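Residue numbers (full-length UniProt numbering), protein chains in the order written: chain A, 1 to 378; chain B, 1 to 407; chain C, 1 to 448.
Derived by calculation from the structure, the hints in this document are not laboratory data. Keep in mind the model is a prediction, meaning the values are calculated, not measured. Hints are supplied without guarantee of correctness; some may be wrong.
Lysine-lysine pairs mimicking PhoX-like chemistry, simulated, CA-CA at most 25 angstroms apart [stated by the list, open to error]:
#1 B:LYS104 <-> C:LYS153
#2 C:LYS380 <-> C:LYS393
#3 C:LYS433 <-> C:LYS380
#4 B:LYS104 <-> C:LYS380
#5 B:LYS163 <-> B:LYS345
#6 C:LYS448 <-> C:LYS120
Single-letter residue listing:
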Amino acid sequence: MTHVAGRKPALTWTVHLSVGLLVLLWVIPTLGLLVSSFRSGDQIVSSGWWQALFTQESQLSPIRVAGEEVARDGVFVIEGRLFPGAARVSAWGTSSREPAAYAPGATADLGEGMGLRVEGDGFYVLTSARTTEGTRLPRIFTTAATPPEFTLANYRMVLFSPMAGQSILQAFLNTATVAIPATVIPILVAAFAAYALAWMEFPGRALLVAAVVGLLVVPLQLALIPLLQVHNALGIGKGYLGIWLAHTGFGLPLAIYLLRNYMVGLPRDIIENARVDGATEFQIFTRIVLPLSFPALASFAIFQFLWTWNDLLVALVFLGTSNDQQVLTGNIVNLMGSRGGDWEILSASAFVSIAVPLVVFFSMQRFLVRGLLAGSVK
Amino acid sequence: MEQVFPALATIVIGVGGCVGYFWASNLVLDRVIFPARGPKAGQNTSRANMLRPWLFLLPALLALGLYLAYPVFATAWLSLNRNTGGELAFVGLDNYRAMFAEAKFRESLRNNLLWLVVVPALSTGLGLMVAQLTDRIRWGNLAKSLIFMPMAISFVGASVIWKLIYDTREAGQAQIGLLNALWLRFEGGVWSTILLRALPALLLLGLAGVLAWLLWGQVGALARARLAGRVLRGPGMALGAWLVWVALSWAWGAATAQLPYGQPQFWLQIPFWNNFFLMAVLVWLQTGFAMVILSAALRGVPEETVEAAILDGANPFQIFFRIKVPQIMGTIVVVWTTITITVLKVFDIVRAMTGGQQETQVLANYMYDKLFVAVDWGVGSAAAMVILALVTPILVWNVWTARREMR
Amino acid sequence: MRTDLLAGAAALALSAGGAVAQELKFPVGEGAFDWESYRAYDAATDLDGQTLTIFGPWRGEDQVLVESMLAYFEAASGVEVNYSSSEGYEQQIIIDAEAGSPPDVAILPQPGLIADLAAKGHILPLGEEARAWLVGNYGAGESWAALGTYRGKDGADAFFAFPYKADVKSLVWYVPENFEDAGYEVPATMEELKALTEKIVADGGTPWCIGLASGGATGWPATDWVEDLMLRTQPPEVYDRWVTNALPFDSPEVIGAIEEFGWFARNDAFVQGGAAAVASTDFRDSPKGLFASPPGCYMHRQASFIPSFFPEGTELGTDADFFYFPAYADRDLGQPVLGAGTLAFIMRDGAAARAFIDWLKTPIAHEIWMAQSGFVTPYKAVNTDLYGSAALKKQGEILANATTFRFDGSDLMPGAVGAGSFWTAMVDYVGGKSAGEVAAAVQASWPK
């Protein structure tokens, strides 16, 4: 199809440009989160993520003098460095009122025989006539140029923190245990139903199609209590069986709707010919319709997998929250603590949780494209 | 790790069970109940064929009935009752009356209508555009993957991402929100005029133009359509005309607005417009969905029809709008429907970003508040019924296209 | 048939997990803990092999703390505890209660919600004896016992929920050195606090950091302000009538308290970022202005949990400290304290559940947590020297010295108000609507 555009280079360029612009627009939000996930909490709130690659000249939060006190030539001295990195101090002070009172290398007189000197590289010396034992040491306010700095601490926190009471590996397994059957079962059930609704003649077919569309809109939230009641009454209770059934039920309308719609579009003569040749409906379905519907099956599989993977609400209600049941989303939300979270944890955990869906998508995409090509040759 | 085996076993048993059911039930039907042999072979075959669709449908119908239809009826019943001290008391339409009297409900209804127009239109439109444009360039698959990526992010994750974009710091401090950082670059000069006045106004004018053009095409169809078609299209066209008017008046508004340059904006607190900042999140998430489905449909368009149009001297725009779009109309309806339904159900975004405050409440979140915060089953269920009612036009539209397909 | 097979597989999947025994944080017999109470409980309780599911509000760091306490209960009683929590635990407890699969014991910070559950018959009374114990052993015992007393399904009042763990809310956080640098004194009265606010503005600074944003719960920090100011402008009896709606929400007393809050929050010069920033600043980010250089603000009114959101490495007492949110000197209302806390209640009866409530009566159940962080208790028999930090000890003293203690009003009100219209009203109020208008909206939303 490229020949249409091929004749007009200006048009081709417009296409490239507008696709590029759209992709940029779509990627920037995620990129922002990705960059933020490698920055410390302080960095995230003090400068925009797009500045993360540049040296920042800014007023830093005060740092308190700390370190071993040594007696030298009759005075007590504490030496240390303000920051481990390669930041350059351009001005400093010891009072919140005048945070930039001194130049690097200058000595400030703090009274009572105490003096403080801060060098450009963040090295400081506090000298005191009396021992500083038991007294509060001064804070140093600095204006400094900080080179770009990235950290893996957020990921370490998300992946290995003992806080949530379970390992992230266990949560991964739990989520996979939920998501895989909850993806495969509805597809299978829906494929048969979709075929019946698309290619089999029986009274009430249009009504059933309408009912499926109507059921698409049922809000999940209002189904929670009646269904959990049913599960408890049936003895399923809370557990994996319950959540598979629930995801199957909730995913079915869309699966049937999408698959029926695709199957209706398959060429009529192939199916008619097969019928004339004496194939049973079951054979037509498994040998002809199912292979031809592969792209639709693959795309629905991706969506259903993504939804069950990212779901929190259904898992909380139908599965429970003990350690051998807690899913990844639940684990991450708990990690954020009782009162919500910080951007650094949120961003790192968002990337941990989307890793699997992305891998699934990129590997499925190959099938998707191949299936589509196979379909269009028909 | 102990879980791997049971999980695998379940997959095998579950999937095997499903396949086994379909296979065995077919076999039983054909061989045992109505064998296509003996004196009644013909009669048996037709009987078996009458029953077979229901065999195929049975598991789906059971699951749909229990997991979706039953809760709907339970909800309908709850919406007519009041729950006091664990006992249900029938109160007729009192819950609905109480709900409609509430300002917060009317606000969510208004916002929901806005969402219903904007999000499906933008997502489907952008998805279609991306699907068409990426078809013809070499890095199309990469572009598609990148645009699809937000689908892999949970609603909660998406809210975090966009909160970072909409963040606001005091004037004079470094902005960490991208939108404010960009906004503060504009100072009212020539570029501001071009980008913030002329461009949006032109885009809106273009939108109005496209809508008017489509509407004009429909006027002819309306005259030719039968009565049922007219009844169905009438409201649609009225809506279209209203949208053209809205687009025109917004274009005028964009060109003449007084913009507060130099002041950081609290995007999620600007009444009315904050709804659009929330919608952007959903559009960002759903465009990938529309794109994947529509791109599959576009590839299914028979090459011959396009070749024929090229030979007739049609330009790329004509090919797209006159040849391709009509052929994938069924899929567009599907995508539009699915996104509309997502819009009706979505509450996580609003809940996580504004909690429905500052006039951003939507029905699904209103319902959630009533059900689980206020523990008022009656009104919560009534709100759910309103959500169900809102889908009726889409239902009609779908049945209509389904019937046309079958002919 | 298929279902049976699936159920078998599910059972296999379920049996794969298992509780991990936790080590005891403080060795039994060491330190100033009341080990006597532990040994006595250990000797009296033998429930080996029983299990108990507990559902609570604590996640993340707090979950580690509560589990350290539960480990002692497990060791002493032999009961195996399964503690769980979740985001949106308030909704989950409602769903589980209605559907018939509740935990054995639940712990919640909202008496209003517990009252709802009690009225529907989802929880079991703890008995008169537990109530009497509370009255005798908790400071201001009567008011704590009243917090756990609700009307049951049968229409009779009974004692349902056992308060365990308190939070002090009437605190103003500040950085002592910033006060010293500028020469400010910690105010002892509300008049002084207001004068200090104006003086900071006159000196070119910004006195307050206020942030109300909290996702779906946006607005709640302002309800604490209003409740605190209600206690400082009206006698406690008025407060009690307000939370039960015996005093309408739009009466002048309440509007007065809202306007007092407006004096602080609706003045562009008084708050960091101006009044417009109040509703959109996340409450977790709002204290960060205290530590900025130059200071973004000098004071931040928030409950005792807020240090978790201070910059890393902040040392309480040195880098940051708090003072009591003072009362008016000329109103003669004493030293009222606003607080909050969590209450434990039984949803499924059993020996282990009853034993857990008895466990909460031992001093050791309180001391294990208070020796770590974030825990204040009104239990009189605990050794207050065990408080994990000077800050906690000071909060314990504020709690002990209170002439009036009142529970967070929004947690006492029905969910539709306390977790709904009250929040919205506060956001609308800082957004510019009048106090009368927003108060009328809350009154209209009060469930009849």
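Outcome of the hint check:
| no. | hint | result |
| --- | --- | --- |
| 1 | B:LYS104 <-> C:LYS153 | violated (31 angstroms) |
| 2 | C:LYS380 <-> C:LYS393 | holds (13 angstroms) |
| 3 | C:LYS433 <-> C:LYS380 | violated (45 angstroms) |
| 4 | B:LYS104 <-> C:LYS380 | violated (47 angstroms) |
| 5 | B:LYS163 <-> B:LYS345 | holds (21 angstroms) |
| 6 | C:LYS448 <-> C:LYS120 | holds (17 angstroms) |
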